[in-house]
Amino acid sequence: MQKQDVIVIGAGGGGAVIAKELGEQGLHVLILEAGPWYGNKMWPHPNTEAGGVSSRCPNDLDVGLFKENYNRLENNMNNQITGKLRWGPANREHPPWNRSYQQRGFVWQNSGVGGTTQHYLANSPRAFPASIDSEWPLTYHELVPYYEKVEAELPVEFAPTTSKEELFYFGARKAGWDLLATLNVEAPGFRPQPNAILPPNANFLNPAYSEEQLSWMEGCTLAGHCINGCPIGPSVDKIAKRSTNVSYVPLALKTGNVEILPNTFSYNIITEYHPEEGLKAIGVKVRNTWTGVRDELFADCIIVAAGAIETPRLWLNSSLPVNQWVGRGLVNHQMDMVTGIFNEKDLLPILGCSEVNPFVGHTSGARLDHPGLGSIQTIGTSPGLMASFTYALGKSGATQSEQYGIQKGRVMGKELIELMGDYKSSLNILICTDDEVDIRNGVSVLTETPDENGPIPSIRYTPTTNTLRKKRKLVKIAADILLQARARKVIHSDWPDGMMIHIMSTMRMGYVVDQNCESFQVNRLFIADNSVLNNGLGSANPTLTTQAIAVRTAEQIYKKYF
Amino acid sequence: MLSSTNPRNWAYTTRLNFMAIVDVLIPSIVRTSPSGWTFQYGGVDLYVWEYLLMLFDNLPTPLASETSQLLDLSAFYEYQERYNLLSAYSFPPCNGLFSTLPRKDRLMAIDRLHNLQVPLDTLPVPYQNNPVLIRIMIDSIYQLTYFGYYSEWFGYGDTRCNPPSFRQLRTYPISWTYTGYPGPSFGYRDFRGFLLKMQNLKSE
Numbered sequence: 000m001q002k003q004d005v006i007v008i009g010a011g012g013g014g015a016v017i018a019k020e021l022g023e024q025g026l027h028v029l030i031l032e033a034g035p036w037y038g039n040k041m042w043p044h045p046n047t048e049a050g051g052v053s054s055r056c057p058n059d060l061d062v063g064l065f066k067e068n069y070n071r072l073e074n075n076m077n078n079q080i081t082g083k084l085r086w087g088p089a090n091r092e093h094p095p096w097n098r099s100y101q102q103r104g105f106v107w108q109n110s111g112v113g114g115t116t117q118h119y120l121a122n123s124p125r126a127f128p129a130s131i132d133s134e135w136p137l138t139y140h141e142l143v144p145y146y147e148k149v150e151a152e153l154p155v156e157f158a159p160t161t162s163k164e165e166l167f168y169f170g171a172r173k174a175g176w177d178l179l180a181t182l183n184v185e186a187p188g189f190r191p192q193p194n195a196i197l198p199p200n201a202n203f204l205n206p207a208y209s210e211e212q213l214s215w216m217e218g219c220t221l222a223g224h225c226i227n228g229c230p231i232g233p234s235v236d237k238i239a240k241r242s243t244n245v246s247y248v249p250l251a252l253k254t255g256n257v258e259i260l261p262n263t264f265s266y267n268i269i270t271e272y273h274p275e276e277g278l279k280a281i282g283v284k285v286r287n288t289w290t291g292v293r294d295e296l297f298a299d300c301i302i303v304a305a306g307a308i309e310t311p312r313l314w315l316n317s318s319l320p321v322n323q324w325v326g327r328g329l330v331n332h333q334m335d336m337v338t339g340i341f342n343e344k345d346l347l348p349i350l351g352c353s354e355v356n357p358f359v360g361h362t363s364g365a366r367l368d369h370p371g372l373g374s375i376q377t378i379g380t381s382p383g384l385m386a387s388f389t390y391a392l393g394k395s396g397a398t399q400s401e402q403y404g405i406q407k408g409r410v411m412g413k414e415l416i417e418l419m420g421d422y423k424s425s426l427n428i429l430i431c432t433d434d435e436v437d438i439r440n441g442v443s444v445l446t447e448t449p450d451e452n453g454p455i456p457s458i459r460y461t462p463t464t465n466t467l468r469k470k471r472k473l474v475k476i477a478a479d480i481l482l483q484a485r486a487r488k489v490i491h492s493d494w495p496d497g498m499m500i501h502i503m504s505t506m507r508m509g510y511v512v513d514q515n516c517e518s519f520q521v522n523r524l525f526i527a528d529n530s531v532l533n534n535g536l537g538s539a540n541p542t543l544t545t546q547a548i549a550v551r552t553a554e555q556i557y558k559k560y561f
Numbered sequence: 000m001l002s003s004t005n006p007r008n009w010a011y012t013t014r015l016n017f018m019a020i021v022d023v024l025i026p027s028i029v030r031t032s033p034s035g036w037t038f039q040y041g042g043v044d045l046y047v048w049e050y051l052l053m054l055f056d057n058l059p060t061p062l063a064s065e066t067s068q069l070l071d072l073s074a075f076y077e078y079q080e081r082y083n084l085l086s087a088y089s090f091p092p093c094n095g096l097f098s099t100l101p102r103k104d105r106l107m108a109i110d111r112l113h114n115l116q117v118p119l120d121t122l123p124v125p126y127q128n129n130p131v132l133i134r135i136m137i138d139s140i141y142q143l144t145y146f147g148y149y150s151e152w153f154g155y156g157d158t159r160c161n162p163p164s165f166r167q168l169r170t171y172p173i174s175w176t177y178t179g180y181p182g183p184s185f186g187y188r189d190f191r192g193f194l195l196k197m198q199n200l201k202s203e
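One line per chain: the protein sequences are A and B, in this order.
Residue numbers for the first sequence follow numbering that gives the first Met the number 0, so the first one is 0 and each next one is one higher.
Residue numbers for the second sequence follow numbering that gives the first Met the number 0, so the first one is 0 and each next one is one higher.
Heads up, some of the hints might be wrong.
[As the list claims (entries may be wrong)] List time: in silico DSBU-like cross-link candidates among lysine-lysine, alpha-carbon distance up to 35 Å:
| id | chain 1 | residue 1 | chain 2 | residue 2 |
| --- | --- | --- | --- | --- |
| 1 | A | 148 | A | 279 |
| 2 | A | 344 | B | 196 |
| 3 | B | 196 | A | 66 |
| 4 | A | 475 | B | 196 |
| 5 | A | 237 | A | 2 |
| 6 | B | 196 | A | 423 |
Calculated directly from the structure, the hints in this document are not laboratory data.
Chain A extracted, bound-state conformation (with noise of 0.2 Å):
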């Protein structure tokens, strides 16, 4: 292996991007990704056999493969014990790493290249301008020229208007709210979803090609698989929805100078101190998911891109310097479900149809936008996630609510079959709350209870009065959005608080790392994931915000080691 100048932890959604960024420049990079990697001919059988060790050529990316492993079905995807698409090694004869949780709750993350961005829903909102400008080293100013680069390349566009859009559009319409024709967001309102998701092509509507040929061509095809891990296109770097793993990573391995060994847990960073620059990192500790055996490899820098809850545990077990904002500042986004049941004569006049059909378009397709409280977004997904995030999750039993007039939890037996019943007639309400930081709230480790990679992180959260108040105004906002739409009956989930899907802040930018995201304690040490935002960007998706600020940070490591 030739030496490196760059090596990245996680080939995930900043990974990837660092990765390319760098090896435009003519950097030689090296990602060690911890899970496996679909679509690609050096592992053929990602699940079940180790396969080769490195990958950095274009022509080893296989879509056939790829299709094969994303086979569009929830559970073969998305179980999070066992499916494709979960947090643990490659080989599903071993079970998903261990986290000691303190509350209620999962982290719900993807190993594998393109991490979590694999069953992400791509959407791509810029964060609100007042919460970057408020609180963090950089301004919004500074800032928009790398969303504008990410935006192009991704590239980002607004989601398509299928059934469920237009039901919202007209409940959003009718309460009140104008529509939102900007990406810089600093008044409330409605929009279509800005996502990085192809369109679809000019002859999505011609009746000569078939769903299937559709398939096989370059644009979405409104199959509402996002979440279940998309498969749609021609070619691994042309999948409709732009996962790392199908836009960076391809775009990385053509600047021939970016290498990839999945399949590698990066469990401690090497320093030394050298007496001009002080503490530097120079190395990383790693151990192969496959065959336990570890190695050491150098690089003059060194990235962290292991994700809000790795990256910090990954700090603390290779005992780097104290800060007291080491892991945490977690926000979550404090998320929620609100769900409104339509009544198929309700639906014909608005949709022209009797049907909202979930599963059909953009897994998340419409939002509303609110600056001070948060997001809401509509979600669409396949029965079995519908009935386990809306109906399962609940804090306690089901309960009528009498302020708002809608009901209130978790719903089982002859209740649960009614409701899954009428799916086909239900829309989905996802709420994202502007999550205050909390240094109480973050990720530690467990010395006494260590996996094969090391003390396990142990996650703490508990969301502040303040953010639960905007969240109570948030689910108000959706459940009257669905009322104004018709909607029969409204169910508020009532998510328990540790449910983790937007992950972010554990590294903050001005505190942990500076405004180019080095280690203030560790030179030549940088991070570029979700770890280094500064707060929870006012409710905004953190992946396009993390993929700016990596351009950002690319630029700034070329600039001043290179």
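Knowing the structure of chain A, use the given hints to seat chain B on it.
Same frame as chain A, but now just chain B:
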């Protein structure tokens, strides 16, 4: 009941307890519809209890047997309170006790665990004195039961107990008929245009 082709080696009483809990959450019922009466298979008939057992034993610390014991202890306290038995410590609860409760009481036993109304020091490791884990596992039972039942899992037929990479969809999963989900698709042509395009914002 539909036939099971690949049973695993869980204790009979552990299976009974998992069947009993799945039966509470998704029972078999007769439904009325405009076209008449229809029967709907519940989670027990579609082997969702087997799905739960496999998943619980695939966790970093296998928990199927311990979870069954947890349910038995809760059932024991339910009986104790109901029949005014003398002491929880005088004899151990028998295996499978939870499954002997009527549906309504099984639900109360689950709620009792969820509300931590059991002496936490009497529970099996790792649940012992671990209220967060107890609640996470109760949540997981609900979540996985619903996910298993309404996803394609039962459609794997005789391959459903195989490791994930060795499963194939053998039949149209019965539960898809209960929701009207047509199954995975190559696409839908419900395209109603764009409300907004990026090019509209170029002047921003």
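For the pair supplied as a hint, residue 196 (chain B) and residue 423 (chain A), confirm whether the alpha-carbon distance does not exceed 35 Å.
holds (28 Å)
Below or equal to 35 Å on CA atoms is what counts here, so check residue 148 (chain A) against residue 279 (chain A).
Given that 35 Å is the threshold and the Cα spacing comes to 31 Å, the pair holds.
Hinted pair residue 344 (chain A) and residue 196 (chain B), Cα distance within 35 Å
This hinted pair holds, its Cα atoms lying about 32 Å apart.
Residue 196 (chain B) and residue 66 (chain A) were given as a pair; does the straight-line alpha-carbon distance stay at or below 35 Å?
Holds, at roughly 29 Å.
35 Å Cα cutoff - pair residue 475 (chain A), residue 196 (chain B):
Measuring from Cα to Cα gives roughly 29 Å; hence the hint holds.
Would you check the hint for residue 237 (chain A) and residue 2 (chain A), treating anything up to 35 Å between C-alpha atoms as holding?
holds (31 Å)
Violated hints: none; the structure is consistent with every hint.
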